[in-house]
Amino acid sequence: MSRIVTLLSDFGSQDGYVGAMKGVILGINPRVMPVDISHEIEAHDIMAGALVLAGAYAYFPPRTIHLAVVDPGVGGRRRPIIVETSQACFVGPDNGIFTLIYEREEVIKTVAIENPNFMAPSVSRTFHGRDVFAPAAAHLSLGVPVDEFGPPVERGAVLNVPQARLDGETAEGEVIHVDRFGNLITNITGDLFNQFVEKGLEEIRLASHDVAGPYESYEEACEGELFAVFGSTGLLEISSKRASAHEAWGLGKGTIVRVTRSPGDETKP
Amino acid sequence: MSRIVTLLSDFGSQDGYVGAMKGVILGINPRVMPVDISHEIEAHDIMAGALVLAGAYAYFPPRTIHLAVVDPGVGGRRRPIIVETSQACFVGPDNGIFTLIYEREEVIKTVAIENPNFMAPSVSRTFHGRDVFAPAAAHLSLGVPVDEFGPPVERGAVLNVPQARLDGETAEGEVIHVDRFGNLITNITGDLFNQFVEKGLEEIRLASHDVAGPYESYEEACEGELFAVFGSTGLLEISSKRASAHEAWGLGKGTIVRVTRSPGDETKP
Amino acid sequence: MSRIVTLLSDFGSQDGYVGAMKGVILGINPRVMPVDISHEIEAHDIMAGALVLAGAYAYFPPRTIHLAVVDPGVGGRRRPIIVETSQACFVGPDNGIFTLIYEREEVIKTVAIENPNFMAPSVSRTFHGRDVFAPAAAHLSLGVPVDEFGPPVERGAVLNVPQARLDGETAEGEVIHVDRFGNLITNITGDLFNQFVEKGLEEIRLASHDVAGPYESYEEACEGELFAVFGSTGLLEISSKRASAHEAWGLGKGTIVRVTRSPGDETKP
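Protein chains in written order, with the working numbering: chain A, -4 to 264; chain B, -4 to 264; chain C, -4 to 264.
The shape of chain A in the complex, shown without the other chains (with noise of 0.2 Å):
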């Protein structure tokens, strides 16, 4: 039994969307308690969605149901999925959303939720939210065995994640997500990041904008200066003090980030 689900979606909060799908769940399992992860993913964006659920996911408890619905092929060929690793399981569909899971957990199993017993007695083809992936959650949460909601699947589909690559004295990596304060998150990983430290020191650009730091926290930075640090989920991040970077450097998503050697490298040990 697992008493926590956590809710994640597209769905915005201005509709009933989000409201519709907890009323199903406790209706199923009124001991549930829904927690919500965010509903402001942009709409159809599963890559964020992705993202947002790679950075929560694995702070709740063991038992944990996850739920994830960034479902623009809604009622098309996509698969409902239960993706269940040692820690917890993931429900929604199968579509890339689970991709980062895929990449960090040790996944048991993955099935496709094709038992009607388990759905809403009518399966609309535009909300399986409500429709399917909430009452799959529900019955998860009262112990039913993640077998008996489908057959297996070999494996969930991926998103194509950009990876930054290292070439030669370079490593190029890209912004991935801008953050509520305008933080630029990019996927240029600690220990990516490190190799350069370690040899020597290092350069950062981001477009044509140099950028200071890595500092250890956003105090350490002037105002004004763009500058580089290592945010809470152990990627490199470009921020501006107390201001938005989005805003006030007119960065976004997309955006190259580049680590170089100094110039002046060549005459250290």
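One should not assume that every hint holds.
Which copy is meant is left open, because identical chains are indistinguishable; a pair holds if it fits in one copy or across any two.
[Claimed, not checked] Here are the computed lysine to aspartate or glutamate pairs in the DMTMM-like style, where the Cα-Cα straight-line distance is at most 20 Å:
no., residue 1, residue 2
1, Lys236, Glu37
2, Lys104, Asp186
3, Lys248, Glu149
4, Lys236, Asp40
5, Lys104, Asp31
6, Lys104, Glu242
7, Lys248, Glu169
8, Lys248, Glu37
Read the hints as simulated data drawn from the structure, not as lab findings.
Following the hints, complete the assembly by docking chains B and C onto the known chain A.
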């Protein structure tokens, strides 16, 4: 005893108004689990509140208490009421927000909330959500019978919901809600529409635009076309694939939608 | 043991930051019910966070734990603290966010959070909400005494809250918050205002505009006029009926409001 109290309002989420209501409820009954339906109803838009409530309430388990506060007339003459149905209780201002509950549910009774024992010790004239409705919902959740809150009311206020009309060979309706995805939700029901389908082929026009479909899912549509689908609420929706029909076509609430028999239908049996 | 942990932040709802905090709390104490006050505080606006918290905390039951994270100085020298009052515990950065708690409540003690046993195993310098404050709130909810978190602090930081001043025949205050409805909430309290009422009639001006009222409710006003009302927080609000005074009149935070005796008052007893 009820454990679930849903909340719907136009209070937004940047102020502490929703938090104050939840605090009041939990102060009276700490065992309640408050569940948000939406607080992003447009300010003072009672009809939007009624529609969003109608899209969500029916999915909650029996004995749920629904608090709905879109209340531009707070402090004036509109009464605070409780509407009891066989499935649930609804608490809010008597201003039409429960119009669709009256249309769809068998109402057992409606009472005016007048008993000060079930209100805040000091009742403001500007925030009945906190001082009247939240305490009433919490006391209901503790099992206080509806009759103890005040005298019966003949029937609550109802809004003049725009109805689709069937006029000879044409059904005329209008867009009554625009959702987060920019889907244009009309007041044409499946029953009304099916009368056309039974008679032969049909044509759909929204303002001066041809509308494809109706399709069974968003997936069947082509990108760039305006198409019809019966959405999750059972109403005819006009959508644009992976785009906002609202933004892409500049159409919104009040836009007229017409369903007619195709000119070529006369040759059909 | 406490069951309710409220959360207030400037984290917005599009990222996974709030979800991560809730996950951490539930990972430590799965019996907690997290209750959102607001996550839409303007980024870095400590004063706004203090005001919204002040409008909500007092309605929650005794022993509630309030987590408040508007924390532009995260990773710098400001301390993480717990403020214990007879009714509740407040957890957050020592940057003034608890200013109004210090003003309104009898504080039993304030301690700095320094004990690593009650923090994340690895503490980032960019997200203390997740790594310091959420764990502290969760451990408090399990009954850990406040003293075990760290040494006492003389008194937490307080912001310089703009105070209304009484100057001869005039009280001068300012707009300190604009709410979702566009109501302009001033720092003129009912007590201060009543000194004018006792002396005779009063006049209210906001910037260069005459303000009607104060009325007892929004309903008494005429549409199109700017009027005063004592809002749900006990402070003088300037509103516009069923419209946003903020948008319709172009007035916002910092606008000066003056209350004076009417010129004609001299003839009054």
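Checked hints:
no.	hint	in the structure
1	Lys236 with Glu37	between (25 Å within a copy, 15 Å between copies)
2	Lys104 with Asp186	neither (29 Å within a copy, 43 Å between copies)
3	Lys248 with Glu149	neither (32 Å within a copy, 45 Å between copies)
4	Lys236 with Asp40	between (28 Å within a copy, 14 Å between copies)
5	Lys104 with Asp31	neither (25 Å within a copy, 33 Å between copies)
6	Lys104 with Glu242	neither (43 Å within a copy, 41 Å between copies)
7	Lys248 with Glu169	within (7 Å within a copy, 38 Å between copies)
8	Lys248 with Glu37	within (13 Å within a copy, 22 Å between copies)
Checked against the numbered hints above, the structure violates hints 2, 3, 5 and 6; every other hint is satisfied.
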